Amino acid sequence: MSGTSASHFWIGIDIGGTFTDLYVVDPTAGRASTGKVLTDHIDPTASIEKGLGEMIAQGALDPRQVRRVVHGTTLVTNAVIQRRGAPTALLTTQGFRDSVEIGTEHRFDLYDLDIEKPVPIVPRQLRRPVSERILADGSIERPIDEEQVREELRALTESGIQSIAVCLLHSFRNSQHERRVASIAREMAPNLHVSLSCDVAPEIREYERASTTVINAFVAPEVGPYLRNLTGRLAAIGIDAPLLIMQSNGGTAAPEFAERYPVRLLESGPAAGAIGAANIARLSEEDRVFFFDMGGTTAKAVIIDDGAPLIARKLEVAHVYRFKHGSGLPVQSPTVDLIEIGAGGGSIARIDSLGLLKVGPDSAESDPGPACYGLGGLHPTVTDADLVLGYIGADSFLGGRMRLDMEKARRAIDEHVAKPLGMSVEEAAWGIHRVVNENMAAAARVHLLEHGRTPSAYTMVAFGGAGPVHAYGVARILGCSSVLVPGHAAVGSAFGLLCAPVSFEAARSFPVALEDVDWSEAEAAIDELRAEGIRLVTWAGLPLSQTVTEIAADMRYRGQGHEITVPVPVDALGRQAAETMAAAFAAEYRRLNAVSGPDAPLELVTWRVRVRGPVPTLSASPPQPRKGFGPCRRRPVWFDGVGFVDSAVVAAADLRVGATVHGPAIIELGDASLTVGPDASLALRADGLMHLIIQAERPQ
Amino acid sequence: MRREFLPYELEILWNRLLAIAEEQAQVLMRTAFSTIVREAGDLSAAIFDRRGRMVAQARTGTPGHINTMALGMRHFLEAFPPEDLHPGDALLSNDPYRLAGQLNDMSVVTPVFHRSRLVGFFASCCHMVDVGGIGLTADGREVFEEGLQVPFCKLRIAGQVNKDVAGFIAANVRTPREVLGDLQAQVAAGEVGGDRLVGLLREFDLADIEDLSDEIIGRSERAMRNAVRGFPEGRFSHVAINDGMDRPLRIEVAVWREKDELFVDFSGTDPAVERGINVPLAYTTAYSTYAVKCVLAPEVPNNHGSFIPVHVSAPQGSLLNPVSPAPTAARHILGHYLPSAIFPAIATALPDRVPADSAAGLWVTQVGGRKLDGEPFSFAFFSVGGMGARPSKDGLSTTSFPSGIQSVSTEIMEAASPLLFHKREYRPDSGGPGRYRGGLGQTIIFEVRSRGPVMLSAMYDRMRDVPRGAMGGGNGSAGAAVGADGRALVAKGRSVIQPGELVRIDLPGGGGYGPPGERSAKAIQRDLEAGLISREAMARDYAADRPDTSGGPSVLSVKSKAMTT
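For the record, the sequence lines run as chains S and A.
Here our numbering is used: the first residue of the first sequence is 2, the next is one more, and so on.
Here our numbering is used: the first residue of the second sequence is 2, the next is one more, and so on.
Errors might be hidden in some of the hints.
Selected chain S positions facing chain A (Cβ under 7 Å, derived; list incomplete) [stated by the list, open to error]: (1) F109; (2) L358; (3) Q577.
What the simulated footprint calls covered on chain A by chain S, stretch by stretch (three residues with Cβ under 8 Å from a Cβ of chain S suffice, anywhere in the stretch; the number is not a length) [unchecked claim]: (4) 10 to 23; (5) 179 to 190; (6) 399 to 409.
Just a sample of chain A residues kept apart from chain S, beta carbon distances all over 12 Å, derived [what the hints assert, rightly or not]: (7) P249; (8) P345; (9) S359; (10) P454.
The hints are simulated quantities; they were obtained by calculation from the structure and are not laboratory data.
Bear in mind the structure is a predicted one, so any value in this text is a computation, not a measurement.
Beta carbons are placed, not taken as given, at the ideal position from N, Cα and C, and that holds for glycine.
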């Protein structure tokens with residue numbers, strides 16, 4: 002089945018820990034197909050070639066008609082977590098070589114005297130001081146000692162260093178010294194990778210900036226060869242379309258940019274999921290969407306307002322203790338603002354020393370997996386509870402590819418939860434299901450409230466292997482009455498890759514009172530960032546006429562520490578812009594904090610510039626016709642307050658647009674199951690989305 | 002009728018309460034003015050039941066705030082019994098002897114009503130930028146010099162700001178806008194928390210949280226009692242001699258167990274002094290219970306229940322239980338030092354559970370004068386030294402303990418003040434040698450670009466009394482503070498600094514654990530290559546011939562390590 006002459010293809014490639022997901026769409030015909038192959042951990046690009054090769058052989062894809070390939074990668078994250086980067090050194094201002102290790106002098110756990118802090122990526126002896134000094138106002142206090150720079154670079158390259166990070170004090174204000182280091186390095190060692198903090202993360206706070214620059218330097222030498230290898234693999238099967246890489250902020254970038262700023266790829270995979278959900282928000286014209294993605298080990302959540310995910314300015318990676326904030330390395334990089342919760346299908350339930358039922362964050366992962374996998378897992382997990390309660394079927398898990406063992410699930414729950422608490426297996430299973438839902442809802446609620454959002458105003462979009470199972474329960478706790486589930490919920494990230502705009506985002510810090518802003522200086526800086534952005538975006542193959550520039554500023558009340566990002570009018574910088582910005586800031590402050598701001602002067606901290614291409618909107622493919630289950634089946638399913646209820650089990654492929662399925666029911670999606678409670682109903686919309694509507698207030 | 006909770010219901014409700022307290026703290030951090038609150042996280046927020054028992058607290062905060070607030074709530078209830086409280090009220094006090102020990106720390110309590118009935122309280126404690134008086138220094142001779150005392154009063158009455166109270170405060174502090182702004186933030190955070198709590202009660206159809214708090218407190222108390230039972234029989238004591246101000250001060254502590262309760266008593270401690278380093282009993286109790294909990298039961302939730310089985314006492318009128326008008330503004334110096342006194346006593350009972358001595362007290366540097374353009378300024382920063390080595394690990398270098406405070410970036414400080422930093426780096430050889438090495442302190446060198454001399458007000462400790470090693474480990478290095486030509490600065494008090502004069506402060510390192518002879522050659526080599534210990538120190542502290550000392554540390558030999566670890 003090769004396309005007609007008019008048809009062409011976009012390909013989304015998401016490499017995960019277990020599977021590599023492929024999503025191929027013909028955007029003009031709206032036709033889509035998916036592929037799934039095991040990830041080759043030695044050479045992940047081999048699994049891409051294999052998966053696409055299979056799709057070509059099946060006739061699902063004509064390689065000559067491919068116009069765009071978008072890739073989400075875990076390469077950078079894994080390299081940082083496993084510390085598999087290049088030999089890297091750091092040049093710092095003399096007297097400050099330990100900033101990147103000392104950090105904030107903070108203990109992230111108040112009571113545990115045994116904590117370990119993250120081991121710095123660059124050990125102390127490779128953090129080399131340079132004699133130079135720039136002051137807070139950007140003036141040069143001491144010129145850089147070029148001879149010393151040469152000596153350091155000579156010694157470092159001779160000892161095998163392949164990449165250097167340069168982070169000098171106040172370089173975000175005056176980059177002259179860092180740039181001098183780069184040009185000396187170019188003369189002396191053209192093959193040495195150089196990451197400058199004034200390029201990678203030009204924002205105030207030397208610890209975070211150095212940490213970001215070091216991570217960039219550490220992984221940079223790996224990214225280029227990887228992307229060239231991938232391009233080669235694609236060429237080998239006849240695809241020579243432009244390759245774009247998903248960045249943490251949900252925009253895509255050309256390989257050249259990805260290679261220069263690999264630190265911006267840290268959340269490449271998770272961002273794709275959020276962008277897919279944003280596409281669904283645009284498609285369904287829902288302007289308040291809460292994206293909920295639950296997999297085997299973790300659940301993730303993202304706020305999507307007006308069709309775009311919220312963006313955070315920084316993140317933390319490579320935690321020493323997985324879900325402990327402060328135990329990781331800080332990164333200043335625009336990132337889809339996502340929360341990660343230690344709650345997934347594999348999360349283990351146990352009774353703690355206070356006699357409480359705890360679920361997660363420990364996970365049985367996929368090996369040995371939940372007890373019901375029968376692969377040797379003995380601890381009860383969320384999946385075991387879901388099986389006992391009837392939310393998932395023993396025969397239809399993963400589209401029937403894996404049969405689940407009900408007896409093993411019951412035994413694990415009985416032994417570790419039901420007996421110790423003196424309750425029935427079903428009741429214990431309900432406790433596990435309810436607690437994990439509560440954990441996710443609690444994290445989601447805090448996230449929404451922290452951003453001044455009201456949970457009940459949101460429509461949930463559920464993805465992931467376990468997302469549709471738990472969406473009903475989580476939505477009910479949050480007071481959300483509406484849930485949208487795409488037919489391809491299990492390959493959401495690969496789909497999301499294709500919904501992202503090409504984009505470039507940069508920032509520059511200039512802390513100054515709003516009334517004292519030197520607008521010509523600001524304009525010059527913004528123009529410089531915009532020119533850089535346009536260069537990079539057009540480099541990715543976009544015509545200039547299609548680029549859009551967005552400017553924003555981080556502001557705060559002088560004396561306060563919390564900055565709020567507000568939009569800045571693009572065409573009217575100057576005094577007038579200051580008034581608009583002040584008004585926008587005051588409104589946002591009130592929304593976030595429920596009180597009006599104090600009578601205090603405003604301060605501008607950081608300028609942000611984003612240049613992007615158009616945002617594509619893809620139609621959601623309706624549930625794919627599969628081998629149906631024939632006529633509607635029934636099985637008992639447990640619901641809150643009523644216990645087991647005889648419920649319909651419907652294959653998604655059997656749903657018809659316009660017809661409504663009333664709960665209690667279970668919809669089999671192939672790779673996942675969707676729970677429809679007794680107070681809910683489900684309809685297939687014309688746009689291919691399944692719409693779960695929860696009617697009543699939760700009963701007390 | 003008593004409401005029974007299934008274990009999973011209890012888990013759910015308990016988590017909800019914790020999340021509400023956390024949200025209250027987040028609102029506070031976002032809206033506070035005080036640098037110390039927002040950048041350093043020096044605040045606390047918690048939920049109390051209608052009997053004034055702390056049920057849940059935010060993770061953010063320091064023991065000095067959290068624990069004093071938990072213990073101090075009863076004073077608010079004594080001053081304002083339930084019949085005197087109405088929706089929209091907010092209570093305020095900074096009584097240093099009953100609350101957080103220092104006038105700058107303002108506690109705000111918001112009563113919460115549901116179905117026209119008082120169901121609990123939100124309380125928060127924040128460090129104010131200024132409270133008048135001579136400023137934040139140990140120099141006061143009486144509490145009256147240290148600033149404005151705010152007795153237990155209503156900051157807000159039925160939704161309206163109590164103008165008399167606000168007016169008194171505004172008239173008595175140097176920065177009324179910031180102080181009233183921070184108090185407003187505390188009230189707002191309490192309101193947000195109250196709304197959430199009422200929402201929770203509605204959702205779960207509860208009249209109040211009394212049955213829930215009984216469960217939470219009861220379970221926590223039982224867990225704490227269980228942990229206390231593991232403490233051996235006998236009376237374990239220790240005498241620590243702190244630097245003091247004009248003369249060294251004796252702190253004597255005894256720790257013992259009776260059934261499942263633990264007693265910490267400071268009899269034998271020196272009397273209160275006429276300087277602001279006295280520690281009110283609430284603050285003494287806060288850091289004593291914190292020290293005990295870290296060692297015996299770090300995993301037990303911190304609430305009213307976990308305090309019940311631990312009793313702290315100190316003679317009235319002593320350094321650790323002063324009475325008005327004894328000054329207390331710098332009570333954190335000795336307060337932070339209490340784990341250093343208590344840990345050795347516990348270590349005689351449980352030697353493998355307790356780390357070696359840490360640098361302890363947070364160092365506070367405050368500088369005031371005129372900028373180059375003549376504008377007056379006042380600026381303060383905090384810094385910390387090294388932690389003691391642990392029974393199975395090296396100590397953490399330059400890490401805050403026992404306080405939970407964060408430092409501020411050099412770039413931020415230089416943008417906000419006329420200070421120019423020349424160095425902020427680890428201080429080699431400052432960690433006590435041992436099988437496990439103590440954490441390193443740091444060296445900070447700075448100058449002030451001022452018009453004319455400036456006044457540096459210091460609160461530095463452990464200049465003489467070094468952090469001690471444990472189980473045969475060596476001591477950490479003492480602190481030092483010098484100006485130009487090596488002249489020593491006043492450790493707790495004021496020194497005049499000339500424009501451009503280089504000030505150097507060396508923060509103490511933590512003590513080592515176990516005999517240095519048992520340290521692995523690999524660990525010694527690693528420290529040497531990283532420059533954490535010098536060749537001389539290696540020769541002196543560890544058997545010098547053990548590591549390979551031929552040639553200098555090469556970058557190359559480390560490179561391969563960088564790749565594999």
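Structure-based check of all given hints:
1. Hint status for S/F109 relative to chain A: violated, with the closest Cβ pair at about 9 Å, above 7 Å.
2. Given the 7 Å rule on beta carbons, the hint for S/L358 holds: about 4 Å separates it from the nearest Cβ of chain A.
3. With a cut of 7 Å, the hint placing S/Q577 at the interface with chain A is violated, because the nearest CB-to-CB distance is about 27 Å.
4. Counting residues of the region 10 to 23 of chain A whose beta carbon lies closer than 8 Å to any beta carbon of chain S gives 8, which reaches the threshold of three, so the coverage claim holds.
5. Here the region 179 to 190 of chain A counts 5 residues with a CB under 8 Å from a CB of chain S, which clears the bar of 3, and the coverage holds.
6. With 8 residues having a Cβ less than 8 Å from any Cβ of chain S, the region 399 to 409 of chain A passes the three-residue criterion, so the hint holds.
7. Annotated as non-interface, A/P249 keeps its C-beta farther than 12 Å from every C-beta of chain S; the closest such distance is 27 Å.
8. At roughly 15 Å, the least C-beta separation between A/P345 and chain S is larger than 12 Å, which holds for a residue marked as non-interface.
9. In this structure A/S359 is not separated from chain S by more than 12 Å, as the shortest Cβ-Cβ distance comes to only about 10 Å.
10. Consistency note on A/P454: stated as away from chain S, and its beta-carbon is indeed over 12 Å from all of that chain's, at 21 Å minimum.
Hint violations for this structure: numbers 1, 3 and 9, all remaining hints satisfied.
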